[in-house]
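Each residue of the sequence shown is one higher than the one before, counting from 52 in the numbering used here.
Hint data in this document are derived by calculation from the structure and do not stem from the laboratory.
Treat the hints loosely; a few may be bogus.
Cross-link-like lysine to aspartate or glutamate pairs, in silico, DMTMM-like; alpha carbons within 25 Å at most [stated by the list, open to error]:
#	residue 1	residue 2
1	K102	D82
2	K104	D64
3	K72	D61
4	K72	D57
5	K62	D82
6	K59	E100
7	K72	E86
8	K102	D68
9	K73	D89
10	K62	E86
11	K59	D89
12	K72	D82
13	K73	E100
14	K73	D61
15	K62	E99
16	K62	E100
17	K102	D57
18	K73	E86
19	K72	E99
20	K102	E56
21	K102	D64
22	K62	D98
23	K59	D98
24	K104	D82
25	K102	D89
26	K102	D61
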Amino acid sequence: MASKEDPKQDKIDRYIDQNLKKVFSDLENDDMPTEIIDLLSVLRAQDEELKGKK
């Protein structure tokens, strides 16, 4: 996820999470599919790794 020094990126991450939930949920109380949560975790970890190399 976003670092604490980047509130703009944190806001973007929350926006993406909210919209993915809207797209993938049939009902308001449904959870986001585990596969999507796992994919987001992998992508965020890769993003943090790339940021660390800069």
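Hints versus structure:
no.: 1; hint: K102 / D82; in the structure: violated, 30 Å
no.: 2; hint: K104 / D64; in the structure: holds, 21 Å
no.: 3; hint: K72 / D61; in the structure: holds, 17 Å
no.: 4; hint: K72 / D57; in the structure: holds, 23 Å
no.: 5; hint: K62 / D82; in the structure: holds, 20 Å
no.: 6; hint: K59 / E100; in the structure: holds, 19 Å
no.: 7; hint: K72 / E86; in the structure: holds, 12 Å
no.: 8; hint: K102 / D68; in the structure: holds, 21 Å
no.: 9; hint: K73 / D89; in the structure: holds, 17 Å
no.: 10; hint: K62 / E86; in the structure: holds, 22 Å
no.: 11; hint: K59 / D89; in the structure: holds, 23 Å
no.: 12; hint: K72 / D82; in the structure: holds, 7 Å
no.: 13; hint: K73 / E100; in the structure: violated, 28 Å
no.: 14; hint: K73 / D61; in the structure: holds, 19 Å
no.: 15; hint: K62 / E99; in the structure: holds, 16 Å
no.: 16; hint: K62 / E100; in the structure: holds, 20 Å
no.: 17; hint: K102 / D57; in the structure: holds, 12 Å
no.: 18; hint: K73 / E86; in the structure: holds, 15 Å
no.: 19; hint: K72 / E99; in the structure: holds, 23 Å
no.: 20; hint: K102 / E56; in the structure: holds, 13 Å
no.: 21; hint: K102 / D64; in the structure: holds, 16 Å
no.: 22; hint: K62 / D98; in the structure: holds, 16 Å
no.: 23; hint: K59 / D98; in the structure: holds, 15 Å
no.: 24; hint: K104 / D82; in the structure: violated, 34 Å
no.: 25; hint: K102 / D89; in the structure: holds, 20 Å
no.: 26; hint: K102 / D61; in the structure: holds, 15 Å
In summary, the structure is inconsistent with hints 1, 13 and 24 from the numbered list given earlier, while agreeing with the others.
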